[in-house]
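Asks: Produce the complete structure using the sequences and hints provided.
Protein chains: 2
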Amino acid sequence: MLRIALIGATGAVGRECLALLDAGAVPLAEVVPVASARSAGTDLAAELDLSLPLAPLTPLEEWDRTGADVALLCAGAEISRREGERLAAAGALVVDNSSAFRMRPDVPLVVPQVNPGALAERPGSGLVANPNCSTIQLVRALQPLHKLAGLDDVVVATYQAASGGGLRGLAELGEASARMLSDVGAPAEPPGRFGQPLAFNLVPEIGLPDETGFAHEERKLACEPRKILGLPELRITATAVRVPVFHCHCEAVRIRVRRPVTAAQVEDALAATPGIRLYRRTDAVPYPMPRFAAARTEDRALVHVGRVRVEPDDPHGVWLWVVADNLWVGAASNAVEIVELAVKHGWLG
Amino acid sequence: MLRIALIGATGAVGRECLALLDAGAVPLAEVVPVASARSAGTDLAAELDLSLPLAPLTPLEEWDRTGADVALLCAGAEISRREGERLAAAGALVVDNSSAFRMRPDVPLVVPQVNPGALAERPGSGLVANPNCSTIQLVRALQPLHKLAGLDDVVVATYQAASGGGLRGLAELGEASARMLSDVGAPAEPPGRFGQPLAFNLVPEIGLPDETGFAHEERKLACEPRKILGLPELRITATAVRVPVFHCHCEAVRIRVRRPVTAAQVEDALAATPGIRLYRRTDAVPYPMPRFAAARTEDRALVHVGRVRVEPDDPHGVWLWVVADNLWVGAASNAVEIVELAVKHGWLG
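Sequences listed follow chains B and F, in order.
Under the numbering used here, the first residue of the first sequence carries the number 1, and numbering increases by one thereafter.
Under the numbering used here, the first residue of the second sequence carries the number 1, and numbering increases by one thereafter.
The hints are simulated quantities; they were obtained by calculation from the structure and are not laboratory data.
All C-beta atoms in this analysis are idealised placements derived from N, C-alpha and C, irrespective of residue type, glycine included.
Any given hint might turn out to be false.
[To be verified] Just some of the chain F residues that point at chain B, by a computed CB distance under 8 Å:
{"no.": "1", "residue": "Trp63"}
{"no.": "2", "residue": "Phe200"}
{"no.": "3", "residue": "Glu205"}
{"no.": "4", "residue": "Ala252"}
{"no.": "5", "residue": "Ala263"}
{"no.": "6", "residue": "Arg281"}
{"no.": "7", "residue": "Pro290"}
{"no.": "8", "residue": "Arg307"}
[To be verified] Derived, one-sided and incomplete: chain F residues facing chain B with beta-carbon distance under 7 Å:
{"no.": "9", "residue": "Arg38"}
{"no.": "10", "residue": "Ala40"}
{"no.": "11", "residue": "Leu202"}
{"no.": "12", "residue": "Pro209"}
{"no.": "13", "residue": "Met289"}
{"no.": "14", "residue": "Arg309"}
{"no.": "15", "residue": "Pro312"}
Replies: Below you can see the structure in the form of structure tokens.
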């Protein structure tokens, strides 16, 4: 029976973690929700209709950090850098949802469906990193293709939803869209959560660019899959774009593989992979779309893949269209599944 | 002084052609606007505030097809297939905006900024093809890179606006978005102009797929640039996606070039190309966005390019983000510029 501290409990990902824990993912003694003082007064149990054993919402500033078996960090990289090692030193297994520790060699970067072996033993650092949302769905779709034909070169263009900007991002998109529709001549809204207005627009840069011009989201998409897939030399490059969609990140992925393939082989490999739903062009719904792919709860845990094509003049060139709920597949459920693996390995309690 | 017949005059592209002709692009005797009988009663001169010499709107069914120096076909491939050769036989230079004739060897496929030489002499067929909207902005951005370093492999992911679905597409996006915002629980709107609901959604297939799975828009993006650039062996492949944006197509383009380059070299080559506006990440507006790039009339003729990056571990890997007004750069202005070239060459009048 676990005592889990959930830091960032009132945010978009924190709420999804609570829903998953409430559904019985792991045996619980207590969940301690922690958030900034700004969130004081939020009644999570009522808002989310929770029946799990939930402690009162605790301000981070006043929180006694001892006694947690697991600390789920869902409050951004700055809080993770400040709290992560301290919580690990206090004995918790820290599952961090930020980019703070992902590339550290002593921190496993884990997608349970892809590299559960990275959790063969409890890491000495006490830290396990949850990959970036756009990475998780990508590597889950890439792995069957790697097993089938070997990855050579991966080019990714993303179409990322407003929910990646949290509850504030979702609200901004809705409000600004409504304003634009009711008053076409109104001045553009001020840049908000996405650095630029997102309503009926595309923001083609997510996170800060470094001196190469690649933005933080793009650098994560290049580095993290190499670590997770155990392919340090993999050629992989991305452009990441925010789109005016509420939920689900989408990715157009062009992969060059080492051995020639047919589209039927790729489709069969994907269809045989647990956790992937394949869409064939003869299906009633011929491809996944962000507004519908994860609208039902039972679809939220899946990576939805469609538009499988092999280039007519090159049997090494494969395209996939990959869609997943970035808060669920891309964050909360991956984190909770890491806790499940830790329970299974007997590290906790 | 030209007599120009404009078939499809009341559609989204037809209206843009009228605006360009009204601005004095070529010397005009008369413009004869032709449309289907459904458009009867449309007062284009009043709606668009035109002062050019405009004949009354003529139903296609009743139109006397003789006497035009130029016929601009902007009414879709079916009408083009029916009318194109007939109009050419009647003596008009036919500039066709559809996909009907683009790949025919006796029909030049022309982007005046890229391959004006294809119009060195009047084609015996009497037909000139305007490329696909997404092709035009792509090849205008690719050509300076080809001159600089040689194109080897081009991967394109598109983000295409609702205006590509014409006036009906624009109206559908606005109306469905407003409905969704005012009633979150409402059932999804029926599939309309885009085959699937577009409001707060992505439709990752544009046009019908063939037996390879590649959709019509994607096949055009692979074939047309090869012909325009004169590179029949160019490796080029695309995924085309409709996004909930009103105007301007965007493209994330990853190019492998034959000779190593730096980002500064690529930026300088683009900045020196007429008709391209380069955005550097240190600029006040650091990258082009569809909602703003072509909001001012003087920006509508430009191809907007930003996010120039060279992969840190591969000086042959280049990314561009290419934005242009698909109705203007991608259709009307390219067609009218073809007419201007024909005038310059003395083929008309």
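Asks: List, from low to high, the hint numbers that the structure doesn't satisfy.
Replies: 1, 9, 10
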